[in-house]
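The chain contents come next:
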Amino acid sequence: MDLVANVLLSAGASPAMISCVEEIPEFTPKTHALYINVGTLTADRLPGMMMAAQVANDCNKPWVLDPVAAGASGFRLRACLDLLKLRPTVVRGNGSEIMALFKGSVDENSKGADSTHESTDAVAAAKSLAQSSGSIVAVSGAVDIVTDGQRVVGAKNGVAMLQKITATGCSVTALIAAFVAIDPSQPFEATATALSVFGLAGEIGMSKANGPASLRTNLIDALHGLDRTTVLQHANVSNI
Amino acid sequence: MDLVANVLLSAGASPAMISCVEEIPEFTPKTHALYINVGTLTADRLPGMMMAAQVANDCNKPWVLDPVAAGASGFRLRACLDLLKLRPTVVRGNGSEIMALFKGSVDENSKGADSTHESTDAVAAAKSLAQSSGSIVAVSGAVDIVTDGQRVVGAKNGVAMLQKITATGCSVTALIAAFVAIDPSQPFEATATALSVFGLAGEIGMSKANGPASLRTNLIDALHGLDRTTVLQHANVSNI
Amino acid sequence: MDLVANVLLSAGASPAMISCVEEIPEFTPKTHALYINVGTLTADRLPGMMMAAQVANDCNKPWVLDPVAAGASGFRLRACLDLLKLRPTVVRGNGSEIMALFKGSVDENSKGADSTHESTDAVAAAKSLAQSSGSIVAVSGAVDIVTDGQRVVGAKNGVAMLQKITATGCSVTALIAAFVAIDPSQPFEATATALSVFGLAGEIGMSKANGPASLRTNLIDALHGLDRTTVLQHANVSNI
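Protein chains in written order, with the UniProt record's numbering: chain A, 1 to 240; chain B, 1 to 240; chain C, 1 to 240.
Among the hints, erroneous ones may be present.
For identical chains, the list gives no copy identity; a pair is met inside one copy or between any two copies.
Quick list of in silico lysine to any residue cross-link-like pairs, SDA-like style, CA-CA up to 20 Å [to be verified]: (1) Lys-156 <-> Glu-118; (2) Lys-208 <-> Leu-226; (3) Lys-208 <-> Gly-225; (4) Lys-208 <-> Phe-75; (5) Lys-111 <-> Ile-182; (6) Lys-127 <-> Met-17; (7) Lys-30 <-> Thr-40; (8) Lys-85 <-> Leu-46; (9) Lys-30 <-> Gly-74; (10) Lys-111 <-> Ser-14; (11) Lys-127 <-> Leu-86; (12) Lys-103 <-> Arg-78; (13) Lys-30 <-> His-234.
The set of hints was computed from the structure by calculation and includes no laboratory data.
All of these numbers come straight from a predicted model, not from anything done at the bench.
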């Protein structure tokens with residue numbers, strides 16, 4: 001939650017972290033986008049997540065789902081599938097998470113939040129999941145995949161060491177939510193742009209990094225310093 | 001909680017984070033000051049907060065309240081007002097939070113923990129709240145305001161980029177608690193000094209920062225390195 | 001949890017943080033080692049901790065206990081002693097924590113997670129606790145102590161400023177779990193090596209640190225960059 005909030009602040013967004021069912025119906029309508037992350041899932045927290053998604057739908061707010069470790073257990077998989085039925089605007093996971101959602105089955109080799117599949121292995125699964133769910137589906141990896149079920153683009157910015165920092169996946173999903181909030185009518189474009197911008201900040205940050213922790217610092221600093229010209233020059237997004 | 005604990009450790013304090021009702025009556029008397037932060041409020045956590053404040057009062061320990069996002073929802077506002085009735089030694093919020101407590105009403109434009117008001121717009125509210133509550137009231141902003149209901153001082157140290165780091169507000173409130181613990185008979189002076197010292201550490205940290213994340217690192221390092229001479233030379237506190 | 005996960009990732013491990021009783025029986029058998037840390041103990045979380053330890057035992061997975069602030073309250077002490085009965089492979093605490101477990105009594109001078117005893121004051125307690133519990137017992141301090149009840153070694157790497165960073169103790173216990181996972185038949189050697197490697201990363205990180213926050217960054221970077229040669233050259237472990 002710390003990295004997620006700092007990424008959002010650095011990008012110019014204003015995060016509020018609320019998990020309390022007493023507050024969700026009242027506060028959700030004041031937001032520009034809702035982000036649900038099942039990382040620290042418990043049976044107690046699930047009703048709040050479901051309620052928040054429903055409130056967002058009721059007041060036409062875009063919402064974004066991060067199905068962290070979706071295939072790690074039956075309980076977690078069912079929670080993610082139940083949230084998916086509430087039709088998030090965007091779903092962003094790694095290869096293993098998106099394949100678990102597509103197959104609807106637990107991953108016997110799950111390593112939790114770390115993927116055991118390449119994003120490119122999950123293109124067909126992502127496309128099919130986008131068609132059945134009605135959501136934009138994004139798959140993070142060496143190449144980030146984004147699909148609306150018809151179109152497929154690949155965002156190639158980023159560096160491998162980002163995987164050695166906890167919650168970078170959670171953070172890029174939060175950035176997607178912030179980008180979708182700007183123009184909810186174009187979630188496909190917003191998702192591809194957010195993935196590319198985050199990856200680009202990682203590339204800039206990597207140039208002076210000595211390891212994962214200085215990369216984390218530099219990533220946030222770079223995100224805060226990014227301007228339109230740099231993004232247009234270095235964003236690497238293309239059809240697949 | 002991570003930033004709060006690291007700020008306290010860097011300043012020479014010894015933080016213990018406890019939210020378990022079974023431990024509060026036994027551990028609270030061993031502390032030098034209690035700090036209650038409603039940031040991650042849930043209905044489950046509120047009874048522990050109320051209990052801790054009561055135990056602190058019963059054993060004459062100073063305690064400090066951070067009414068995070070007080071105006072974001074009715075539930076949160078009522079929780080903050082209930083805690084306020086237990087007469088914290090100090091309350092520290094941003095402009096929007098202090099005005100919500102003063103008015104006793106939900107803020108329809110609430111952005112959660114981010115303020116939509118300048119601290120200087122909240123001077124009258126802070127003064128009145130200090131009179132009615134019996135607490136020292138502090139309002140963070142470009143100028144930090146501290147009042148006991150009669151006196152009003154402004155602490156002008158700090159840099160704007162601190163607002164781009166999550167939990168800096170929570171952290172400065174924790175530092176206030178640590179300073180109040182040193183001499184509970186002078187909470188007004190302790191509060192103004194803590195705000196000024198934290199802001200000064202931000203100024204020193206900013207000189208070599210490339211963005212919010214390196215500022216966060218430098219802020220903690222600077223706080224750890226501050227000495228009495230530097231503070232006396234650069235602290236900028238004056239009557240308003 | 002943030003520092004713990006980043007330390008594990010930097011060292012090449014793959015952490016998954018799960019506290020949900022619905023998931024524990026299904027996910028624990030997929031891990032190579034379990035780590036239980038009572039830092040944020042609540043009555044709600046304890047059953048999950050007990051269950052996870054039992055599942056780990058049932059499927060012969062090594063597990064490691066960090067009895068954070070064991071002597072801070074009766075509730076916390078009993079929780080730690082109950083977990084200890086489930087015979088962790090390794091227990092790692094500071095001097096005050098290990099002495100509280102050994103004595104089975106609350107520490108009236110407890111400062112929470114910060115120790116009020118030197119590790120070297122706890123050698124006899126650690127040895128006796130290792131004999132009665134059947135666990136490897138490690139005591140962090142200026143010299144880190146490791147004992148199986150017969151042998152006692154001291155690991156002398158590390159720098160004092162690590163104590164000014166929250167969760168460094170929690171993180172080194174996590175690293176012990178990762179090392180024990182590699183060869184569960186040699187937990188004594190794994191524990192001493194993990195303590196030494198973490199301390200060595202601290203020494204390397206300290207050379208360019210300006211305070212606790214840059215040390216934290218450098219520590220993780222150094223851990224990620226460590227190679228076998230450097231460890232063999234600089235690890236400082238000897239019999240006591």
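Compare the structure with the hints numbered earlier in the document and write down the numbers of the violated ones, lowest to highest.
-> Hints 4, 6, 13 contradicted; others consistent.
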